[in-house]
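Sequences listed follow chains B and W, in order. When we follow my numbering, the leftmost residue of the first sequence carries the number 1, and every step to the right adds one. When we follow my numbering, the leftmost residue of the second sequence carries the number 1001, and every step to the right adds one.
Derived by calculation from the structure, the hints in this document are not laboratory data. Check the hints yourself; a few may be wrong.
[Claimed, not checked] Result set (DSS-like, lysine-lysine): computed pairs, CA atoms no more than 27 Å apart in a straight line: (1) K15/B <-> K97/B; (2) K1009/W <-> K105/B; (3) K1057/W <-> K97/B; (4) K97/B <-> K1071/W.
Listed below, chain by chain, are the residues.
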Amino acid sequence: AQRVTQPEKLLSVFKGAPVELKCNYSYSGSPELFWYVQYSRQRLQLLLRHISRESIKGFTADLNKGETSFHLKKPFAQEEDSAMYYCALTKSGGYQKVTFGTGTKLQVIP
Amino acid sequence: NAGVTQTPKFQVLKTGQSMTLQCAQDMNHNSMYWYRQDPGMGLRLIYYSASEGTTDKGEVPNGYNVSRLNKREFSLRLESAAPSQTSVYFCASSDPVSGNTIYFGEGSWLTVV
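In isolation and in its complexed conformation, chain B is listed as follows (with noise of 0.2 Å):
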């Protein structure tokens, strides 16, 4: 079974400084991992793809294999940073469901 654990589920943090969303993962396989975000009265949306290697508003995660992380990191936390975080897995190729984990809700303190 997959499985998404995150274990914080509220990170303050000041403004400026660095910023790490934990995200930990089970899964026998090949999976893709995801970053969602949920800001204040809006709808979910994609922050970024461990296979697209990109960094999206100052954020980047790698995928580390070996201990089965996608944490998620920018080095200098914005007020607009603020909202909520889902870590979200898939199996690679095909028509797979997607697992979310519990979210983590990131607050800058301005």
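Since chain B is already given, all that's left is putting chain W on it; use the hints.
Same frame as chain B, now just chain W:
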């Protein structure tokens, strides 16, 4: 391009009443989903449809039924609403052509009293 559209946006039900949440997507996606979002519980999958004509139970299917009416539409029905079903419901769709990225609707706020 509307993406994923779900209705209604808000609904109050009495315990025991039934209702159907409607969802449609215009992206020609094969897979569609219904999630519920509760504080501290994150997103939990209720039902999933990999393609037209198929549906599968997710983590929390009890008390719900779904219908994949066609490729575009995927409805969620509460036959006899209970207060425990008070939640925010999200419909979503994805497809390998889009890299399995999930596209969400705006959510439906359901309160059962």
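### Query
Between K1057/W and K97/B, is the straight-line Cα distance small enough, at 27 Å or below?
This hinted pair holds, its Cα atoms lying about 11 Å apart.
### Task
Take the C-alpha atoms of K97/B and K1071/W, compute the straight-line distance between them, and say whether it is at most 27 Å.
16 Å, holds
### Query
Do the alpha carbons of K1009/W and K105/B lie within 27 Å of each other, as the hint requires?
23 Å, holds
### Task
Sort out whether K97/B lies within 27 Å of K15/B, counting only the CA atoms.
Roughly 36 Å separates the two Cα atoms, so the pair is violated.
In this structure, only the earlier hint numbered 1 is contradicted, and the remaining ones agree with it.
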